[in-house]
Amino acid sequence: MIRLDCPVCGHRDETEFAYLGDATVRRPDPSITDPGTWADFVFLRDNPRGAHCEYWQHVMGCREWLIVNRNTATHQIDSCQLARSVFAGEATMAASS
Amino acid sequence: MTARRLAKGGRIDRSRMISMQFDGRRIAAHPGDTLASALLAAGEMIIARSFKYHRPRGVFSAGTEEPNALITLGEGARSEPNTRATTLEAFDGLVARGQNGWPNVRHDLSAINGALSPFIGAGFYYKTFIGPFRGTAFWMFCERYIRKAAGMGRAITLSDPDSYDKTNAFCDVLVIGAGPAGLSAALTAGRQGLRVILAEQDFALGGALLSAPPDAATDAWLSTTADELHSLPNVTILARTTVFGAYDGNVFGAVQRQWDHVAQPPSDEARQCYLKIRAKRTVLATGAFERPLVFGNNDRPGVMLASAVRTYLNRYGVLAGQNVLIATNNDSAYATALDLVRAGAQVTLCDARASVPQPLANELTSAGGVCLSGHGIASAHGHRHITAASVVPVDRNGRATGVTVRLRFDLIAVSGGWAPALQLWSQRQMKPVYDTENGCFLPVPDLLPDMCFAGSVIAAPGLSDAIIQGALAGGASTSQTAHLADTAPHWARDLHPLWCVMNAQDKPFGKAFVDMQHDVTVRDLDQAHDEGYVSVEHLKRYTTTGMATDQGKLSNVNALARMAQLSEKSLPETGTTTFRPPVTPVTIGALVGHDSGEHFHATRLTPLQDWHLRNGAVMTQAGPWLRPWYYPIGDETLDQAYRREAAHVRRAVGLVDVSTLGKIMVQGPDAANLLNLLYVNGWSTLKPGKLRYGVMLREDGIVLDDGATARLSEYDYLMSTTTSGAGRVMSHIEHLLATSLYDLRVRVTSVSDQWAAMALAGPASRDVLRAVSGDFAAALSPNSLTDAQVEGVAVRVHRMSFSGELAYEIYVRSEDAEDVWAALITAGAPHDIAPYGTEAMGTLRIEKGHVAGPELDGRATLRDMGMGRMASSRKPFVGSVLAQRPDLQDPDRPMLVGLEIDGPIGAKAGAILFAADGKTEGNGLGWVTSTTWSPALERFIALGYLGGAPERIGSTVRAIDFLGESTVMARVVSPQFFDPEGERQNA
Ligand SMILES: [Zn+2]
Numbered sequence: 001m002i003r004l005d006c007p008v009c010g011h012r013d014e015t016e017f018a019y020l021g022d023a024t025v026r027r028p029d030p031s032i033t034d035p036g037t038w039a040d041f042v043f044l045r046d047n048p049r050g051a052h053c054e055y056w057q058h059v060m061g062c063r064e065w066l067i068v069n070r071n072t073a074t075h076q077i078d079s080c081q082l083a084r085s086v087f088a089g090e091a092t093m094a095a096s097s
Numbered sequence: 001m002t003a004r005r006l007a008k009g010g011r012i013d014r015s016r017m018i019s020m021q022f023d024g025r026r027i028a029a030h031p032g033d034t035l036a037s038a039l040l041a042a043g044e045m046i047i048a049r050s051f052k053y054h055r056p057r058g059v060f061s062a063g064t065e066e067p068n069a070l071i072t073l074g075e076g077a078r079s080e081p082n083t084r085a086t087t088l089e090a091f092d093g094l095v096a097r098g099q100n101g102w103p104n105v106r107h108d109l110s111a112i113n114g115a116l117s118p119f120i121g122a123g124f125y126y127k128t129f130i131g132p133f134r135g136t137a138f139w140m141f142c143e144r145y146i147r148k149a150a151g152m153g154r155a156i157t158l159s160d161p162d163s164y165d166k167t168n169a170f171c172d173v174l175v176i177g178a179g180p181a182g183l184s185a186a187l188t189a190g191r192q193g194l195r196v197i198l199a200e201q202d203f204a205l206g207g208a209l210l211s212a213p214p215d216a217a218t219d220a221w222l223s224t225t226a227d228e229l230h231s232l233p234n235v236t237i238l239a240r241t242t243v244f245g246a247y248d249g250n251v252f253g254a255v256q257r258q259w260d261h262v263a264q265p266p267s268d269e270a271r272q273c274y275l276k277i278r279a280k281r282t283v284l285a286t287g288a289f290e291r292p293l294v295f296g297n298n299d300r301p302g303v304m305l306a307s308a309v310r311t312y313l314n315r316y317g318v319l320a321g322q323n324v325l326i327a328t329n330n331d332s333a334y335a336t337a338l339d340l341v342r343a344g345a346q347v348t349l350c351d352a353r354a355s356v357p358q359p360l361a362n363e364l365t366s367a368g369g370v371c372l373s374g375h376g377i378a379s380a381h382g383h384r385h386i387t388a389a390s391v392v393p394v395d396r397n398g399r400a401t402g403v404t405v406r407l408r409f410d411l412i413a414v415s416g417g418w419a420p421a422l423q424l425w426s427q428r429q430m431k432p433v434y435d436t437e438n439g440c441f442l443p444v445p446d447l448l449p450d451m452c453f454a455g456s457v458i459a460a461p462g463l464s465d466a467i468i469q470g471a472l473a474g475g476a477s478t479s480q481t482a483h484l485a486d487t488a489p490h491w492a493r494d495l496h497p498l499w500c501v502m503n504a505q506d507k508p509f510g511k512a513f514v515d516m517q518h519d520v521t522v523r524d525l526d527q528a529h530d531e532g533y534v535s536v537e538h539l540k541r542y543t544t545t546g547m548a549t550d551q552g553k554l555s556n557v558n559a560l561a562r563m564a565q566l567s568e569k570s571l572p573e574t575g576t577t578t579f580r581p582p583v584t585p586v587t588i589g590a591l592v593g594h595d596s597g598e599h600f601h602a603t604r605l606t607p608l609q610d611w612h613l614r615n616g617a618v619m620t621q622a623g624p625w626l627r628p629w630y631y632p633i634g635d636e637t638l639d640q641a642y643r644r645e646a647a648h649v650r651r652a653v654g655l656v657d658v659s660t661l662g663k664i665m666v667q668g669p670d671a672a673n674l675l676n677l678l679y680v681n682g683w684s685t686l687k688p689g690k691l692r693y694g695v696m697l698r699e700d701g702i703v704l705d706d707g708a709t710a711r712l713s714e715y716d717y718l719m720s721t722t723t724s725g726a727g728r729v730m731s732h733i734e735h736l737l738a739t740s741l742y743d744l745r746v747r748v749t750s751v752s753d754q755w756a757a758m759a760l761a762g763p764a765s766r767d768v769l770r771a772v773s774g775d776f777a778a779a780l781s782p783n784s785l786t787d788a789q790v791e792g793v794a795v796r797v798h799r800m801s802f803s804g805e806l807a808y809e810i811y812v813r814s815e816d817a818e819d820v821w822a823a824l825i826t827a828g829a830p831h832d833i834a835p836y837g838t839e840a841m842g843t844l845r846i847e848k849g850h851v852a853g854p855e856l857d858g859r860a861t862l863r864d865m866g867m868g869r870m871a872s873s874r875k876p877f878v879g880s881v882l883a884q885r886p887d888l889q890d891p892d893r894p895m896l897v898g899l900e901i902d903g904p905i906g907a908k909a910g911a912i913l914f915a916a917d918g919k920t921e922g923n924g925l926g927w928v929t930s931t932t933w934s935p936a937l938e939r940f941i942a943l944g945y946l947g948g949a950p951e952r953i954g955s956t957v958r959a960i961d962f963l964g965e966s967t968v969m970a971r972v973v974s975p976q977f978f979d980p981e982g983e984r985q986n987a
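Sequences listed follow chains A and B, in order.
Its first residue numbered 1, the first sequence is counted upward by one per residue in the numbering used here.
Its first residue numbered 1, the second sequence is counted upward by one per residue in the numbering used here.
These are calculated hints, taken from the structure and not from any lab test.
All the given hints hold, so there is nothing to weed out.
Just so you have them, the derived chain B footprint on chain A, three or more residues with Cβ under 8 Å:
| hint | region |
| --- | --- |
| 1 | 1-7 |
| 2 | 26-36 |
| 3 | 46-59 |
| 4 | 64-77 |
| 5 | 84-90 |
Quick list of the computed label-pair ranges, beta carbon to beta carbon:
| hint | chain 1 | residue 1 | chain 2 | residue 2 | range |
| --- | --- | --- | --- | --- | --- |
| 6 | A | Ala18 | B | Gly93 | 47 to 55 Å |
| 7 | A | Cys62 | B | Gln21 | 51 to 59 Å |
| 8 | B | Gly634 | A | Gly10 | 54 to 62 Å |
Here a beta-carbon is modelled for each residue, glycine too, at the ideal position from N, C-alpha and C.
Work the whole structure out from these sequences, hints included.
This is the structure in structure tokens:
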């Protein structure tokens with residue numbers, strides 16, 4: 001059983017979480033009307049063996065969305081962060097550069 | 001029958017007697033015995049019949065690796081098949097039966113299968129299924145007979161009278177195995193104050209130490225170590241506990257057999273407990289299994305592992321034979337030989353190695369034993385029990401080089417070296433490597449950073465090595481541990497890799513079993529090889545070797561060795577198979593625990609549950625919820641009750657519990673912006689105190705959910721979702737906010753459990769509301785809300801209709817729900833108010849053509865539901881771009897229609913729609929989603945999706961239920977069957 005180190009709740013069993021998949025895809029800007037861009041975002045995913053950055057939600061806990069780096073072959077978890085702090089950090093970096 | 005209990009010795013409590021039954025015969029035992037030791041002491045040699053050939057089988061080992069001595073434990077509902085007699089702790093009142101023999105294992109009429117054995121070898125089923133007899137009456141006959149004859153114990157169909165527990169456990173260090181290495185590891189870790197769990201499958205601590213002669217120096221070490229461990233509060237010792245599975249995240253599955261050592265558990269105690277152990281670190285001190293040798297008739301009762309013979313002698317005081325042949329390819333069997341000679345047995349040791357270890361051989365011969373070097377065992381003789389053995393000189397490769405000599409023996413003890421018990425490590429997708437020096441597969445250290453090893457599992461050469469390894473694994477900085485002088489060689493020193501003596505044609509002498517539990521012989525492996533099975537994994541499945549309940553603990557390495565020989569490869573090149581949980585069989589009841597029947601999953605109840613039950617509601621399951629289905633009067637059926645309830649709402653007034661609706665608070669300056677993005681329709685114009693119906697899509701443009709959202713004040717909105725969509729919608733919003741809309745100043749909070757909701761519907765609903773809340777509430781205009789009071793309780797009233805009648809939804813704090821509900825029932829009495837259930841609610845909404853769960857099927861678009869015009873074209877929303885995909889806009893897509901059914905039988909939900917005339921083929925034109933009797937229309941009606949709907953309005957279609965094989969004719973109409981202008985709800 002995978003155990004995730006939720007930044008809010010600590011180490012918890014995978015049964016408390018829901019999985020959503022690839023966290024490297026970014027939702028296009030809502031103003032974009034090109035269907036291809038949206039189709040890529042919704043449907044196209046890699047299925048790598050090895051390192052994978054993915055979304056999990058702590059549905060049975062704090063309900064935070066998490067960004068987890070997991071090895072799909074070994075289930076080794078390398079990191080588990082709050083999605084909102086990752087994105088807020090990205091936004092700050094973008095603003096300052 | 002030469003096995004017997006010695007007058008003294010053993011680690012059993014001879015002061016007390018235990019009485020057990022095997023096949024109806026009384027078996028005496030002492031506390032500390034296993035069923036196997038007691039059966040041996042009683043001279044019971046045939047314990048079971050084999051899987052395919054019904055060959056007599058006896059006790060082969062003294063542990064979990066036992067392939068032969070499988071019994072059915074208990075009687076009636078407590079019978080448990082395939083229990084290993086070798087690990088079954090003796091208790092007073094134990095009842096066991098031998099398996100797979102009729103009338104019993106000693107006189108088994110099915111042994112005739114043995115005569116068929118040339119025909120039921122490797123791949124028998126595969127070949128027969130595709131062979132010339134397939135499907136013939138002959139095959140059907142044989143199949144039935146062979147299936148009945150082949151097998152092990154029978155499962156019972158009675159429900160289990162025992163209860164089982166589940167628990168979670170956490171520790172810093174999990175030590176698996178309480179032999180010398182495990183005890184040492186647990187003690188070292190325990191002394192450091194770490195939280196330690198020490199799990200041992202045996203009922204006694206000590207592991208291999210229990211097989212050493214009693215009163216040896218090791219006993220003193222064992223008792224002081226165990227005493228100190230028991231005294232440490234941070235150390236939990238779990239005896240009778242098997243760690244059966246190793247999972248990701250250092251999680252382990254274990255089963256503690258709390259009450260398997262009594263005939264019947266106390267009525268308030270769980271028989272077994274399933275532990276989910278999360279460990280920071282694990283020490284695997286699981287020991288090793290002795291490997292058998294392969295020779296003709298090596299499965300006969302009277303052939304045993306050398307280590308098992310020693311265990312029965314030293315631990316249980318049972319001498320398994322008087323005239324013993326020991327066959328070995330390594331040093332470790334000499335300890336058994338010496339102990340047997342000292343116990344008074346005649347011992348001939350047949351060492352396959354050309355040069356024997358001189359000090360050991362001298363010690364044996366001077367004690368009175370015989371030692372033959374360069375000899376192997378060719379075959380055993382005797383049917384029900386061995387009477388003799390043929391030994392033969394062998395060369396380095398195991399080829400017989402001289403004539404076989406037949407000698408009389410009543411016990412053959414074999415040792416082919418040791419196979420580390422690395423199953424738990426292997427379960428973590430680890431591949432062991434073959435170590436030529438130790439002649440076995442070993443785990444690779446450090447591949448799993450949080451798992452380390454100590455003792456025989458990594459071929460510790462001797463006892464002090466095992467103890468030192470344990471101390472280091474337990475966290476000792478150096479080898480700061482008490483040394484114990486080695487009393488006997490612990491490991492298979494100087495193993496010569498030779499497991500089967502072959503004749504000149506490279507065949508064994510007779511029927512030689514590799515996997516005894518599955519009746520797989522060397523001949524089967526050879527045949528599989530001849531047929532081209534070269535991969536280990538293929539050969540395993542084709543011959544089924546290693547696939548019995550023992551998972552090949554004894555057979556795997558010998559099968560691999562034979563494969564390597566046949567393919568002229570080395571053992572490492574041949575590879576190994578992967579072990580999977582469980583290491584030893586686990587009772588399904590333990591895995592289930594209490595999670596069965598109504599406790600299979602959690603049930604959600606609304607705050608009005610008690611009222612519903614008190615008032616005779618028949619409840620129904622709606623996902624995790626229990627909801628009132630209908631409230632029968634007298635002996636009304638479901639059909640009678642829901643028709644009455646629905647008609648009553650249209651005529652007078654009804655009250656329905658809608659607390660299961662999802663309720664989400666959306667709060668903050670950007671709340672309206674979020675709603676604009678979530679819903680297809682616009683929210684900027686919604687004024688405080690107003691409500692609006694909305695539909696939301698998924699990112700791919702398919703409808704996700706619908707419901708009304710109320711603007712409570714400038715920045716506060718209360719969104720409602722469908723009952724089943726509540727969780728999905730909440731996660732969807734949270735995901736958007738966390739990953740792309742993080743700039744929005746808005747918070748969402750689920751308040752589904754905090755608020756109860758009830759719908760007051762019907763022409764008289766305004767009068768009832770006026771009676772409880774006054775004129776201002778009753779004066780609410782459609783799609784408006786107001787705060788109000790009912791009997792002094794604060795409520796919020798929304799004017800909103802799902803039924804199509806004049807209706808109000810009343811929201812109230814959950815704790816006040818029953819007071820408000822009761823007040824409405826009381827105030828409604830003069831207006832003939834009646835509660836109604838989900839079935840009538842469904843009828844009312846189908847009459848109005850409102851979509852619900854069956855229409856929101858994850859495939860339908862907004863347009864499919866006839867609400868295409870609702871979508872705003874002035875703003876982007878989730879799914880707005882992909883909803884425009886050509887396929888989703890195809891005018892021929894099935895769209896929501898109403899169906900008026902002809903005749904006295906309704907359409908079935910899921911029925912397929914076909915044109916009235918024409919062929920019944922293909923996928924049809926559409927399908928039925930929801931169906932009901934309509935009291936308002938006085939006929940059966942249905943909703944469905946139909947292709948080419950606009951042109952088909954007014955035409956007739958057939959609705960065919962292929963499962964129930966019924967066909968009804970239906971006229972296609974608008975889904976708004978009843979009051980399409982909405983005059984009643986806006987009254
Ligand atoms: Zn959490």
